[in-house]
Every structure is written in C-alpha cells, then in structure tokens.
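J.: Chains C and U are the protein sequences, given in the same order.
In terms of the numbering used here, the first sequence is residues 1 to 182.
In terms of the numbering used here, the second sequence is residues 1001 to 1191.
Don't read these hints as lab results, they were simulated from the structure.
Beta carbons are placed, not taken as given, at the ideal position from N, Cα and C, and that holds for glycine.
Don't take every hint at face value.
As the list claims (entries may be wrong) - The following residues of chain C were derived to be distant from chain U, with all beta-carbon distances above 10 Å: (1) 3; (2) 26; (3) 108.
Unchecked claim - With a straight-line Cα cutoff of 27 Å, these simulated BS3-like cross-link-like pairs (lysine-lysine) come out: (4) 55/C x 1093/U; (5) 1021/U x 63/C; (6) 63/C x 1093/U.
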Amino acid sequence: MLSAILVMAGIALVLGGVLGWAAIRFRVQEDPLVEKIDAILPQTQCGQCGYPGCKPYAEAISKGDADINRCPPGGEEGVKRLAELLGVEPKPLGEGLEHKPKSVAVIDEALCIGCTLCIQACPVDAIVGAAKQMHTVVADECTGCELCIQPCPVDCIRMEVIHEDIANWKWRYPVIPLKKVA
Amino acid sequence: MQDYLLILIGTVFVNNIVMAKILGLCPFMGVSKKLETAIGMGFATTFVLTLASGASYLIDTYLLGTDLFYLRTLSFIVVIAGIVGFTEMFIRKTSPVLFRVLGIYLPLITTNCAVLGIPLLNVQERHGFVESLFFGLGGALGFTLVLVLFAAMRERLEAADVPLPFKGTSIAMITAGLMSLAFMGFSGLIR
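With the hints as extra help, turn the sequences into a complete structure.
T.: Here's what the structure looks like:
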C-alpha cells in the first residue's frame, strides 16, 4: 500500500517537475499585440463576438480575421480604444451587437427544475445551485451576457434591466466630441 | 532485425489497432472528415504513441514490477498525459508550423484509447524495450494508415449520391465495417 502511494507520488513529482521545467525552458514569446488587445477586452469571456473567449478574439483581431467592433460588453469605449491601439478608424458596434442597457439575469425560482445547464453555460460562475436544487444568480457577478438564457429548458431565466438609482449611479466616461476640421 | 520488421508489418496490417483490435475509434470517426486533419492527427499520434510505449515499458519493468501490477493502468494514463503535455510544449517552441498543423489534436491524444491500449498490450505480450518501441510505432503507423484511407473515402462519400437515411455518420460506420472486413484479408499473412 505504502509503496503504491510512493510510486504514484514519485511519478507525479517527476512528471510535474519535467512539465514545470519545460514550461519555463520552452516558453514561447507570444505576439505582444495579442496581449495588448486582450488587455483592452473586458474579459467577460461571453463569446458574443463569435469566438470562444476574449483571448481567441484578440488573436483573431491581431491576425486581421475579425473586426474590432464585435464586443458588446466592451461597448463603444472598447471599440474606440482598440481603434486607437491598432491605428484604424473606430466604427459603431457590429450588426445585432448594439449597446443594450446594463442588465442581470434573474431566475424564476418557482419554475427552476435544477438541471444545472445554466450553471455550465455561465462564463463567470455567477449562478449557484446544485442538481435538482433550485439555482439563483449572484447579481454582483452577473455580466449580463445572456448565455444562460438559451440552454434553460423551462425558460425560467429572464434579463432584468438595472435601473439607475442613487446607489449605482456613476459618473459617465468623459466623451469629448471632436469636430472635423477641413 | 527480422523480428522487428515482423512486429512492424504485423501491427500495421494484421493486428491493426483500429481494424482488428477496435481501439481508438473516437478519433477514427471524429477527425476523418478531412484528409489534412487526418494526416495531422496521424503524425501526432505516431509521435506520442512511440514515446508512450517506451516510457510505459520502463515504468512497468523498473518501477512497478510484479508487486504493483495493479497500478499499471493508472500510472500509464499519468505518464501518457505527461508525455502529451511535454510534447505539446516542445513542438510549440521548436516548430510553430507543426504546432499549427497538429493544433488541437495533440491534447486530444490524451484521451485516445489506442495510446493506452498499446502499452497494455505490450505488457500482456511480454515485449522487450525495443520490441515495445516497434510495437508502438507499428500500431501508430497502422492507425495513421487507416485514418488517412478512411478520410480519403469520406471525402469522396461527401460528393457521392448516398440515400438519405444513410447520409453522414451512418454511411461512415458502414464504410468502417467494410474496411474492417477488408483488413481481415491480411490475417494469416504473419502468424
């Protein structure tokens, strides 16, 4: 018994050591542009751009495969910063990706059957619950990406717009419209 | 030398890992839709499988011995996963082109049952170190061969006028069955 544990621990240690060494020894310098683009993207990993996450979208932008206006959580502001970084003209958000009012998902707890499908869909782990138990959304974590709505078999998730009140009102980002001269 | 040649031919044609042993069916069905991906998967598997057979022989002989034989499957899985991880990093550094070709298929190999099956068969048939290597190489070459052949056939099936109920995966299954029958013709080539 003891020898079995020792052998497995030994194998795991050696492999872990080799992999750790290899990760340092064979580190690949990634395209720095990808890192910069990735830093601008909001990291919601929502997939609304059509790529499986912010990093793949950043890679697609740097390769020129994707347009800069595919990221709704980033909004106009994000597009503007991307345009600045890449030295291209900013453009409005793409078709069907227009800015929506900030909202959170709400689960109708009386209808929820506890299937966990929405938990698997949530990119930010904002839904808590277990199989056959009712689920609920942690409103503070929810990014409003709407990815949980489609997998729900009983359609018990709806998006609720967050209305501005004293508690959550914030100063707007300063927008200084530029006039075109000549 | 002749022994090794026999092992090689035997594993590629007679005891083909996919067609005779029915292992590694998931990549066989999954990545055989296009010829290029089939070739990429074949090469990645060949690389990993040869290494894995060697490494698992060493582990089985020098680490496990006869007392700890029940750890065989477990330790082989761990070692294969480690080798795949290392290979991925190594190829990524040394050959970005190859990395782009193999891409997603490298990590997929971890869950390829043929890669676990061959080391276990090695133990079962009491192969030595070099024999194990050749058995692994042969098995992987056989896998690559049928994968490429099958992918070529599926590409042509795409264009063929297949009756509606048989379209897609069903005709692929039937083709695989016929291919397996054809490979039975090799049995008896080598004892």
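J.: It remains to establish, for every hint, whether it holds in the given structure.
T.: Now for the hints, and whether the structure bears them out:
1. 3: The claim is violated: residue 3/C sits with its nearest Cβ about 7 Å from chain U, within 10 Å.
2. 26: violated, 4 Å
3. 108: The assertion about residue 108/C holds, with a minimum of 38 Å to chain U.
4. 55/C x 1093/U: holds, 20 Å
5. 1021/U x 63/C: It is violated: about 43 Å lies between the C-alpha atoms, which goes past 27 Å.
6. 63/C x 1093/U: Roughly 20 Å separates the two Cα atoms, so the pair holds.
Going down the numbered hints, you'll see the structure goes against 1, 2, 5, while the others check out.
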